[in-house]
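Engineer: Construct the complete structure from the given sequences, taking the supplied hints into account.
Same order as they appear, the protein sequences are chains A and B. Numbered by this note's numbering, the letters in the first sequence go through residues 1149 to 1423 in order. Numbered by this note's numbering, the letters in the second sequence go through residues 1149 to 1423 in order.
Fair warning: there could be bad hints in the mix.
[As the list claims (entries may be wrong)] Here are some chain A residues the structure puts well away from chain B; computed CB gaps all over 12 Å:
{"no.": "1", "residue": "Met1149"}
{"no.": "2", "residue": "Pro1177"}
{"no.": "3", "residue": "Asp1184"}
{"no.": "4", "residue": "Glu1213"}
{"no.": "5", "residue": "Ala1327"}
{"no.": "6", "residue": "Gly1341"}
{"no.": "7", "residue": "Asp1398"}
{"no.": "8", "residue": "Ala1400"}
{"no.": "9", "residue": "Ser1405"}
{"no.": "10", "residue": "Glu1413"}
[To be verified] Distance condition first, Cα-Cα at most 25 Å in a straight line; then the derived DSS-like pairs of lysine-lysine:
{"no.": "11", "chain 1": "B", "residue 1": "Lys1174", "chain 2": "A", "residue 2": "Lys1264"}
{"no.": "12", "chain 1": "B", "residue 1": "Lys1280", "chain 2": "A", "residue 2": "Lys1175"}
{"no.": "13", "chain 1": "A", "residue 1": "Lys1174", "chain 2": "B", "residue 2": "Lys1264"}
{"no.": "14", "chain 1": "B", "residue 1": "Lys1225", "chain 2": "A", "residue 2": "Lys1225"}
{"no.": "15", "chain 1": "B", "residue 1": "Lys1174", "chain 2": "A", "residue 2": "Lys1280"}
{"no.": "16", "chain 1": "B", "residue 1": "Lys1175", "chain 2": "A", "residue 2": "Lys1264"}
Simulated from the structure, these hints should not be mistaken for laboratory data. Idealized CB from N, CA, C, for every residue including glycine.
2 protein chains.
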Amino acid sequence: MTKEQLFAQIQRKQSFLCVGLDSDIKKIPEHLLESDDPLYAFNKAIVDATAPYCVAYKPNVAFYESMGVQGWLAFEKTVAYIHQRYPQQFIIADAKRGDIGNTSEMYARAFFDEMKVDGVTVVPYMGEDSVKPFLLHPERWVILLVLTSNQGSHDFQLTEDREGERLFEKVLRRSLQWASADQMMYVVGATQGKLLEDVRKIVPGHFLLVPGVGAQGGSLEEVCRYGMNSQCGLLVNSSRSIIYAETGEDFASAAASEAKKLQVEMKSMLERYLR
Amino acid sequence: MTKEQLFAQIQRKQSFLCVGLDSDIKKIPEHLLESDDPLYAFNKAIVDATAPYCVAYKPNVAFYESMGVQGWLAFEKTVAYIHQRYPQQFIIADAKRGDIGNTSEMYARAFFDEMKVDGVTVVPYMGEDSVKPFLLHPERWVILLVLTSNQGSHDFQLTEDREGERLFEKVLRRSLQWASADQMMYVVGATQGKLLEDVRKIVPGHFLLVPGVGAQGGSLEEVCRYGMNSQCGLLVNSSRSIIYAETGEDFASAAASEAKKLQVEMKSMLERYLR
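Structural biologist: Encoded structure:
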């Protein structure tokens, strides 16, 4: 999917919501545990319920990996289901990978060729040659960690070098030499508030994947005020507050309500901040 | 496995070799492709051939993940085989994981509870709360990326802050507050030469996992000169130069010869530098 196609979806749906499929066998409704593949059954219901209100899905790979082979099967089936039923949805494997060149090549093969996701989150710690193999796949996206939503993001990402450049700024500037806004997005946590403005100074035109609205406490209004650009440029993710909105039999309709609530807010944000 | 048990193995075998199982379906001997599970058949033969000469195995998770479910099965079977037949071997999942707290917990569960490896490599970019969940598992190890073996390691890891502290040094110092040498090791590339000395100034007593000897060009002698401590403190990994020493039917005996060659060198390094 291209940047323009993604923006067209955002306009059509008046939403830039990404639903995070952090599907945990310990948290899904009990009655699903009787199904052959509970995680897949859960995801399928969540996707069917939320698809009208979002433009992207982000399965969090850890949650599937922790279930071993059964989890991987649920992951693959979920991706295949979304592609088949909702081909306009952008699918992100939240995997946070990154390794020496020959190994990153294997990861790129795993996610893009085997699992056929549109984008994968990548960690910059190991530098250019750990990221580049992911860029060899046309029309697939690298979504680089820059400024994460967690408390530990302050441990290293804000460190200033001798010239006062912070590590997250250095990552942004360096990465501009690796790929354009047509192939790279950045992860910037909703909890980072005004720092989003500093991100936008370096990458005004890129899409940002913004986690941390909802359970983690980030503000949607703040994200839009500091982060929205003329093509929206935002995919705002919410996971737990949507998929675990209710834990009973009506979990899917509760998820739809939560997603719709966010979509309505997003519509008004687009009216206000799209410029 | 404790630090003392690992050192006891090193003394007994006069080796601190870790064999990297970067097993790639495109590189393993052709005759194995007829087997039900070619990657597992390959690993089994490599493990049986090299076990006398090493103290650890490090399957590189990317290579299995790139094969989808079939790859995960091969990974799990390989780990189970090593545990059962060679219970004294230390098993490292080279996964380079790290995410927000609830997700790192899932990864820890995946590798320690599901796959039962002894240690997992973890990326520090997201800071303390992304690493800590891995430390909640007693007698399991976090092996933190500090100074990697690839060229891109220079992009960010050597950045100096205002006080002249480099990022890899900051990671080392911070991480000392998270866990002791009984639960944490560090990845330091063999290609970093004299920088190993700077690592040892901060973490004199920890084990280091050192990739990059062999195909990547690092020198074993240099690693030992700058990195060995009184309990050896080194696990030196070699992957491709051992497992792909020969690509014909005698691949396993060729791997054994390469591993043995390294073990003999390591024995003389222990005689020279263990202090």
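Engineer: So, for every hint listed, does it hold in this structure?
Structural biologist: Evaluation of the provided hints:
1. Met1149: Holds, since 22 Å exceeds 12 Å.
2. Pro1177: Correct as stated: the minimum Cβ-Cβ distance to chain B is 19 Å, above 12 Å.
3. Asp1184: holds (15 Å)
4. Glu1213: Violated: least Cβ distance 4 Å, not greater than 12 Å.
5. Ala1327: Label holds. Min Cβ-Cβ 14 Å, cutoff 12 Å.
6. Gly1341: holds (17 Å)
7. Asp1398: holds (24 Å)
8. Ala1400: Given a closest Cβ separation of 22 Å, the condition holds.
9. Ser1405: The claim holds: serine 1405 of chain A sits with its nearest Cβ about 23 Å from chain B, beyond 12 Å.
10. Glu1413: Nearest chain B Cβ is 23 Å from glutamate 1413 of chain A, so the label holds.
11. B/Lys1174 - A/Lys1264: Status holds; Cα separation ~20 Å.
12. B/Lys1280 - A/Lys1175: Roughly 22 Å separates the two Cα atoms, so the pair holds.
13. A/Lys1174 - B/Lys1264: holds (20 Å)
14. B/Lys1225 - A/Lys1225: Given that 25 Å is the threshold and the Cα spacing comes to 23 Å, the pair holds.
15. B/Lys1174 - A/Lys1280: Roughly 21 Å separates the two Cα atoms, so the pair holds.
16. B/Lys1175 - A/Lys1264: The given pair, whose Cα atoms are some 23 Å apart, holds under the 25 Å limit.
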